[in-house]
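Heads up, the sequence shown stops at 356 in my numbering, and the numbers go up one at a time, no gaps.
Careful, some of the hints might be misleading.
[Said to hold, decoys possible] Cβ pair distances, simulated, as ranges: (1) Met320 to Ala233: 30 to 36 Å; (2) Leu327 to Leu184: 46 to 52 Å; (3) Ile41 to Arg208: 27 to 33 Å; (4) Pro154 to Pro328: 38 to 44 Å; (5) Leu184 to Glu276: 32 to 38 Å.
[What the hints assert, rightly or not] Keeping only pairs whose Cα atoms sit at most 20 Å apart, straight-line, the calculated EDC-like set for lysine to aspartate or glutamate is: (6) Lys12 to Asp287; (7) Lys160 to Glu33; (8) Lys12 to Glu318; (9) Lys12 to Asp54; (10) Lys334 to Glu323; (11) Lys12 to Glu33; (12) Lys12 to Asp284; (13) Lys12 to Asp2; (14) Lys160 to Asp34; (15) Lys168 to Asp34; (16) Lys334 to Glu345; (17) Lys168 to Glu33; (18) Lys12 to Glu212; (19) Lys12 to Glu269; (20) Lys334 to Asp287; (21) Lys168 to Glu129; (22) Lys12 to Asp34; (23) Lys12 to Asp216; (24) Lys334 to Glu318; (25) Lys160 to Glu143; (26) Lys12 to Glu38; (27) Lys12 to Glu143; (28) Lys12 to Asp45; (29) Lys160 to Glu129; (30) Lys12 to Asp283; (31) Lys334 to Glu269.
Just so you know, the hints here were simulated from the structure itself, not pulled from any lab data.
For every residue, glycine included, the Cβ atom is placed at its ideal position computed from N, Cα and C.
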Amino acid sequence: MDAAGTLAEVLKGEGPRVLATLARTIGDLAVAEDALSEATITALDAWPRTGIPDNPRAWLAVVARRKALDLLRRESARAAKEAAAFRWGTGAAPDQIEEAIEAMEPETSLRDDMLRLIFTCCHPALSREAQVALSLRTLARLEVPAIARAFLVPEATMAKRLVRARSKITTARIPYAIPSDAELPGRLAAVLAVVYLIATEAHAHGTRVGFEPPADSMMPTIVPAAELVRTVANPAGGLLVDIWHIFRSGTGYDQLVEVLPPEYVFAVELSDGRAEPVGTLYDDTFDNRLPPGEGEFDVASFVRALDSLGFEGPWGLEVMSTELRSLPVEVAAKRVFDAAVRVFEIARAGGGPSGR
1 MDAAGTLAEV LKGEGPRVLA TLARTIGDLA VAEDALSEAT ITALDAWPRT
51 GIPDNPRAWL AVVARRKALD LLRRESARAA KEAAAFRWGT GAAPDQIEEA
101 IEAMEPETSL RDDMLRLIFT CCHPALSREA QVALSLRTLA RLEVPAIARA
151 FLVPEATMAK RLVRARSKIT TARIPYAIPS DAELPGRLAA VLAVVYLIAT
201 EAHAHGTRVG FEPPADSMMP TIVPAAELVR TVANPAGGLL VDIWHIFRSG
251 TGYDQLVEVL PPEYVFAVEL SDGRAEPVGT LYDDTFDNRL PPGEGEFDVA
301 SFVRALDSLG FEGPWGLEVM STELRSLPVE VAAKRVFDAA VRVFEIARAG
351 GGPSGR
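Starting from the given sequences, assemble the full structure and let the hints guide the process.
In structure tokens, the structure reads:
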């Protein structure tokens with residue numbers, strides 16, 4: 001995968017979490033958005049020349065923090081902006097900005113940070129339309145033109161709406177926080193309503209939304225994700241079931257038959273891997289996946305479990321590895337495709353485990 005492709009994958013999987021932690025630390029969502037955008041531009045310029053970093057997400061997080069620091073320094077000359085920049089944050093004095101930002105670790109409280117970001121985007125002080133648009137931009141990382149198309153408005157109009165929504169968060173002093181236990185039921189209803197409307201927007205444009213819960217996310221197993229789609233109860237909102245995350249979360253394949261609502265299983269992705277992660281779970285996910293049948297996941301049993309639900313497709317292959325990236329695309333694609341065909345043959349012939 002080239003530099004641009006790697007960056008796209010990192011932004012897709014980790015962009016919202018980098019943004020969430022940055023927003024918590026500096027206390028301003030708009031500044032965090034701008035800093036992440038500038039870091040992305042820097043990566044597009046630097047990575048093709050210097051090579052893809054060993055840890056792309058950490059590189060992006062560090063550069064985004066530096067960009068945020070630069071932005072805050074420029075804003076600090078204006079008293080009103082300076083006050084707004086720290087309204088949500090840690091309460092650091094202006095001369096402590098750098099220390100506060102440098103103290104942030106990319107992995108710090110990621111789940112809590114994402115929850116804060118979700119509840120902020122879905123705060124009742126914002127209109128429902130603003131909640132949906134802000135969630136699509138901030139959490140799903142959709143670009144403004146795509147959001148504008150979804151709302152059937154000009155791109156400039158949508159850009160202004162997003163600016164107003166971020167400004168409302170600041171001017172209304174919406175806390176960047178997880179609701180208290182007493183507030184949670186009402187606030188959760190707003191989040192579920194936004195999820196429902198996002199799925200409705202997708203349906204209006206001829207597509208659907210599939211939720212894929214990674215093992216290191218706020219929904220570390222498929223069980224709460226299945227409960228989410230049942231609760232939202234929108235036919236255009238369902239699940240993408242990835243064997244990698246199922247296995248790494250410790251969910252048994254027999255459990256899938258019990259918890260997955262068949263009508264909400266929109267797609268399934270196959271790969272394989274070693275029984276234990278190599279290095280961090282993040283690095284393992286991006287660098288050590290194997291073609292189906294070449295690892296220890298018993299992919300044939302997984303296929304049989306999905307077959308028993310009546311799932312008929314689509315089946316996808318998501319095999320990211322250092323080894324495959326070193327091969328010509330045609331060679332890597334054929335190897336993965338042929339491996340998947342063998343696994344399906346084993347699974348549907350009633351054979352034994354497909355892993356080595």
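Quick rundown of the hints versus the structure:
no.: 1; hint: Met320 to Ala233: 30 to 36 Å; result: holds (33 Å)
no.: 2; hint: Leu327 to Leu184: 46 to 52 Å; result: holds (49 Å)
no.: 3; hint: Ile41 to Arg208: 27 to 33 Å; result: holds (32 Å)
no.: 4; hint: Pro154 to Pro328: 38 to 44 Å; result: holds (43 Å)
no.: 5; hint: Leu184 to Glu276: 32 to 38 Å; result: holds (36 Å)
no.: 6; hint: Lys12 to Asp287; result: holds (16 Å)
no.: 7; hint: Lys160 to Glu33; result: holds (15 Å)
no.: 8; hint: Lys12 to Glu318; result: holds (14 Å)
no.: 9; hint: Lys12 to Asp54; result: holds (18 Å)
no.: 10; hint: Lys334 to Glu323; result: holds (14 Å)
no.: 11; hint: Lys12 to Glu33; result: holds (15 Å)
no.: 12; hint: Lys12 to Asp284; result: holds (17 Å)
no.: 13; hint: Lys12 to Asp2; result: holds (15 Å)
no.: 14; hint: Lys160 to Asp34; result: holds (15 Å)
no.: 15; hint: Lys168 to Asp34; result: holds (17 Å)
no.: 16; hint: Lys334 to Glu345; result: holds (17 Å)
no.: 17; hint: Lys168 to Glu33; result: holds (15 Å)
no.: 18; hint: Lys12 to Glu212; result: holds (12 Å)
no.: 19; hint: Lys12 to Glu269; result: holds (17 Å)
no.: 20; hint: Lys334 to Asp287; result: holds (19 Å)
no.: 21; hint: Lys168 to Glu129; result: holds (13 Å)
no.: 22; hint: Lys12 to Asp34; result: holds (17 Å)
no.: 23; hint: Lys12 to Asp216; result: holds (15 Å)
no.: 24; hint: Lys334 to Glu318; result: holds (13 Å)
no.: 25; hint: Lys160 to Glu143; result: holds (14 Å)
no.: 26; hint: Lys12 to Glu38; result: holds (16 Å)
no.: 27; hint: Lys12 to Glu143; result: holds (12 Å)
no.: 28; hint: Lys12 to Asp45; result: holds (19 Å)
no.: 29; hint: Lys160 to Glu129; result: holds (13 Å)
no.: 30; hint: Lys12 to Asp283; result: holds (15 Å)
no.: 31; hint: Lys334 to Glu269; result: holds (17 Å)
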